[in-house]
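J.: Sequence:
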Amino acid sequence: GSQSIEGLLQKSEDVIPENRRKHTPVALKATAGLRLLPSNSSNQLLEEVRRLFQESPYHFSQESNVDIMDGTDEGLFAWITVNFLLGGLKRDSSKLFGTLDLGGGSTQITLWPVDQSFSLLHELVGANVRLSPCIHYNYRGSWKFGIHQSINFSGDNRYGYFGCLEDVKKAVAKFKVHKPVGIDPVPMYAFSYYYERAVDLGLIHSEKGGIITVGQFQEGAKQGTSF
1 GSQSIEGLLQ
11 KSEDVIPENR
21 RKHTPVALKA
31 TAGLRLLPSN
41 SSNQLLEEVR
51 RLFQESPYHF
61 SQESNVDIMD
71 GTDEGLFAWI
81 TVNFLLGGLK
91 RDSSKLFGTL
101 DLGGGSTQIT
111 LWPVDQSFSL
121 LHELVGANVR
131 LSPCIHYNYR
141 GSWKFGIHQS
151 INFSGDNRYG
161 YFGCLEDVKK
171 AVAKFKVHKP
181 VGIDPVPMYA
191 FSYYYERAVD
201 LGLIHSEKGG
211 IITVGQFQEG
221 AKQGTSF
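The opening residue of the sequence shown carries number 1 in this note's numbering; numbering runs sequentially from there.
The hints are simulated quantities; they were obtained by calculation from the structure and are not laboratory data. All figures in this text were calculated on a predicted structure; none of them were measured in a lab. Don't take every hint at face value.
[Said to hold, decoys possible] Using C-beta positions, here's what the derived DEER-type ranges look like:
{"no.": "1", "residue 1": "165", "residue 2": "4", "range": "33 to 41 Å"}
{"no.": "2", "residue 1": "104", "residue 2": "72", "range": "16 to 24 Å"}
{"no.": "3", "residue 1": "137", "residue 2": "57", "range": "52 to 60 Å"}
{"no.": "4", "residue 1": "176", "residue 2": "17", "range": "43 to 51 Å"}
{"no.": "5", "residue 1": "201", "residue 2": "57", "range": "37 to 45 Å"}
{"no.": "6", "residue 1": "7", "residue 2": "196", "range": "18 to 26 Å"}
{"no.": "7", "residue 1": "136", "residue 2": "169", "range": "16 to 24 Å"}
{"no.": "8", "residue 1": "202", "residue 2": "3", "range": "27 to 35 Å"}
{"no.": "9", "residue 1": "12", "residue 2": "64", "range": "14 to 22 Å"}
{"no.": "10", "residue 1": "51", "residue 2": "93", "range": "39 to 47 Å"}
{"no.": "11", "residue 1": "166", "residue 2": "57", "range": "48 to 56 Å"}
{"no.": "12", "residue 1": "165", "residue 2": "14", "range": "44 to 52 Å"}
{"no.": "13", "residue 1": "12", "residue 2": "89", "range": "17 to 25 Å"}
All C-beta atoms in this analysis are idealised placements derived from N, C-alpha and C, irrespective of residue type, glycine included.
Go ahead and model the full structure; you've got the sequences and the hints to work with.
T.: Here is the structure:
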């Protein structure tokens, strides 16, 4: 449960001086994967992390600093992080970037519109496909989902790029995602499973990342469903 967080705390000690640790706040906000677990399981994991933070040399002020965030915050915090690291939030900056986050339980698409009367953040969560043309028709298997749940799945005879594309379009259409007015073309920074699939397809470096186009992702998807 908390072992991976303990490793992160130990790594942070390499960069945070010992005399500053008690003044350094620590918090953890879990994402969609934990939101999908049964409440007793997710609460147990959160309690383990709270105990770890309380015993750490860092400033842990309240239990709510370890909690499950909602999808809006998940997309917003990712967008702030990317634009902060790229200098987009500086006062003299004229460029902001969009973010694409694809996780195990949801995906967030976050942009800053030119028309500041509204913001744009889409969260797609909970779309499960059990019989899928994205999976080879000879394949049968199961996914471990959460802690005690599993989902059996298999491919079907519509296997291939176009069948998979149509199923994905139908899944996304349920969330009424559209291209609103007031959105200028901007570079998008994609991470999580977008990054992993791009590495699997050989489109980017596994450590350095890279720049790719939607068209390259499309060609990679065609190649990946051609055997």
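J.: Next step is simple, just say for each hint if it's right about the structure.
T.: Hints, one by one, checked against the model:
no., hint, result
1, 165 / 4: 33 to 41 Å, "holds (35 Å)"
2, 104 / 72: 16 to 24 Å, "holds (18 Å)"
3, 137 / 57: 52 to 60 Å, "holds (55 Å)"
4, 176 / 17: 43 to 51 Å, "holds (49 Å)"
5, 201 / 57: 37 to 45 Å, "holds (42 Å)"
6, 7 / 196: 18 to 26 Å, "holds (20 Å)"
7, 136 / 169: 16 to 24 Å, "holds (20 Å)"
8, 202 / 3: 27 to 35 Å, "holds (32 Å)"
9, 12 / 64: 14 to 22 Å, "holds (21 Å)"
10, 51 / 93: 39 to 47 Å, "holds (41 Å)"
11, 166 / 57: 48 to 56 Å, "holds (54 Å)"
12, 165 / 14: 44 to 52 Å, "holds (45 Å)"
13, 12 / 89: 17 to 25 Å, "holds (23 Å)"
Checked against the numbered hints given earlier, the structure satisfies every one of them.
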